[in-house]
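Please put together the full structure from these sequences, using the hints given.
Under the numbering used here, think of the first position of the sequence shown as -18, with each following residue one higher.
Incorrect hints may appear among the rest.
Within a straight-line C-alpha distance of at most 30 Å, the following computed DSS-like cross-link-like pairs (lysine-lysine) qualify [unchecked claim]:
no., residue 1, residue 2
1, Lys89, Lys8
2, Lys170, Lys291
3, Lys170, Lys8
4, Lys416, Lys445
5, Lys333, Lys291
6, Lys333, Lys400
The hints are simulated quantities; they were obtained by calculation from the structure and are not laboratory data.
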Amino acid sequence: NVSNYGVQEITRACGCEAEEHNTIWFKWTVATSGTMGFILTPTSSDLNEDYDFWVFGPNPSCGSLGYSLRCSTTNPQQAGLSSNQTGMNSSETDLHEGPGSSGNSFVKWLNVNAGENYYLVLDRAVGYGSFSLQWTGSATILNPFENEGFDSIPTLYFCGDPQAGVSFDFTAFVNSYLQGHNPQLFSAKIYANETDATLERNQITGTQNIYERDYVLRLNHATAECFDIQHFNVVISSIDVTPQNSIVSLCKGDSVTLEPSGNMYVTWNPMKDIHAVGTSYVVKPDSTQQYIATSYMPCVNLVTNGDFEKGNKGFTSGCTYNTSLAQTGTYTISSNPNALNANWASLNDHTKGNSSGHMLVANGNNQQGSVVIWQSDVPVTNGVSYNFSAYVAQIGNQRVQIEMRVDGNLLSSVTTFQKGYWQNITSRWTSSSTKNSTIQLLIANNSASAEVAIDDIDFSYLYKVLDTFNVDVLPSLDTIINHQICIGDSYQFDGRILNTSGTYVSANKNIYDCDSIVTLNLSVGPFLRRESDIHICSGESYIFRGKTYNTPGVYRDTFPSQFSCDSLVTINLFVHDDYYQNIKADLCFGEEYHDYNFDATQSGHYE
-18 NVSNYGVQEI TRACGCEAEE HNTIWFKWTV ATSGTMGFIL TPTSSDLNED
32 YDFWVFGPNP SCGSLGYSLR CSTTNPQQAG LSSNQTGMNS SETDLHEGPG
82 SSGNSFVKWL NVNAGENYYL VLDRAVGYGS FSLQWTGSAT ILNPFENEGF
132 DSIPTLYFCG DPQAGVSFDF TAFVNSYLQG HNPQLFSAKI YANETDATLE
182 RNQITGTQNI YERDYVLRLN HATAECFDIQ HFNVVISSID VTPQNSIVSL
232 CKGDSVTLEP SGNMYVTWNP MKDIHAVGTS YVVKPDSTQQ YIATSYMPCV
282 NLVTNGDFEK GNKGFTSGCT YNTSLAQTGT YTISSNPNAL NANWASLNDH
332 TKGNSSGHML VANGNNQQGS VVIWQSDVPV TNGVSYNFSA YVAQIGNQRV
382 QIEMRVDGNL LSSVTTFQKG YWQNITSRWT SSSTKNSTIQ LLIANNSASA
432 EVAIDDIDFS YLYKVLDTFN VDVLPSLDTI INHQICIGDS YQFDGRILNT
482 SGTYVSANKN IYDCDSIVTL NLSVGPFLRR ESDIHICSGE SYIFRGKTYN
532 TPGVYRDTFP SQFSCDSLVT INLFVHDDYY QNIKADLCFG EEYHDYNFDA
582 TQSGHYE
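As structure tokens, then:
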């Protein structure tokens, strides 16, 4: 599209009696000599959309253009034309026409020579619409990008919400595209449409959302002052997966199973005390912990005929297509290898499991080295991971080693181990650039034979999912109680009446609804009983438990024992009067008297 003009440089002195309204200027250099013309087609076919043009050259001076080589300022509506196209072609003879009703909007094309420079000025005099421009004739325009090896940009496939778009680093994409080329000569920018790219406005940079639509890359050459426009399409496949950001509460000592959103190539951080159960993990943290799961889900399969239900289409092979497979180095699409050779395995299609499905069957001979059985080109995007998967089966009597490669680089290999048995080969691969990559299945050069079947080839865009699980560990509050009671007493614990020694355990829910273990160590101590007879004489006294007693009687007192139980002591106090007795003893000379503790041998008075 065009909008306004800069400096008014087109005057009546330039030809066709008009001036600039809404203009765009093009400059080109002729690469090969010949004829050169163009057709300008307004987007709207309304005759009120009126484009004019001037051509200057060869080798014009921008500061002094002079009179134009060709120009047309015919108004299609005023001239009564049926089309609002304009340009230069081989059938016209006039060199200038217009303004208004004069002419038919086309003039004679140019004869140009290699190395010459020209200007083309396009002006929308009336209307608002955009245009397209098609070059005609035998001459070619010098293209400084032609031999630089810039690849065409393939369709970019993504997974996500087509309406919301997918986060995409446009700057990294441009850097990847320019990788390997001279940064002093080449630069590139991304735009939403060709008009913005041509006028270098509204450039898209940095990381922002990319949507399902057509985008434009403008490739610039610094010294040649040329640019190349490349369109590329974006396809976003919807996937119903929302990354998790959840809080999981559990009681200390319990475990919980964390389920990732994706089901392929799952990794967890941290790995401590985690046990894998398929793609999920059972965790039993001692304290609050955050776990992050990185997983993938297959979204878009970029292989168009991986199940071979469309026959011999959508791929190439290093073997020759031949329905009989009587010779080595041939392949075909079949529903059962045994139908082709009675010595081969009877094998059903891998997906359907019956004779209605199809597979690729190869009778290859790799005595000359490895053999490419299957090959296809797929569009890949820088930084995106893909899952390459296929099923292979040995149909002959000798084992076959199958290699999986991307752009010639080995990803994985598998060696068949049983005739007539499907085996899977799979690998994850991450692209380092945006381009078309070649994916291959080969028979390795160390395989003795190449009698093999292949089915269900898949090269899927992997949608990366980051799940965050915040595991909150709640306290369990375990308690130990040591308690003593006396014989005859009881203790109430967890609704039970206890009166014997032992260890008792109770599990209850605390305020966090977690099991709290209460352990009771119960001791039952005995009562102590003691009774004593105490004799004193009249006039004497006896002190018991801090009290003085001097009269006969029974006295009791209690005090705690070593088991904290009451001990009862009883005192039977006896008070005796004084006792007097006169004893007269007679004995013969030489005898001794020893009664009542006496020790007398002579006459006398003893007490």
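Quick rundown of the hints versus the structure:
1. Lys89 to Lys8: holds, 19 Å
2. Lys170 to Lys291: Since the Cα atoms of Lys170 and Lys291 sit roughly 40 Å apart, the hinted pair is violated (cutoff 30 Å).
3. Lys170 to Lys8: Holds: Lys170 and Lys8 sit about 20 Å apart, inside 30 Å.
4. Lys416 to Lys445: Answer holds: Lys416 to Lys445 is near 20 Å, not above 30 Å.
5. Lys333 to Lys291: holds, 15 Å
6. Lys333 to Lys400: holds, 19 Å
The structure is inconsistent with hint 2 alone, although it conforms to all the rest.
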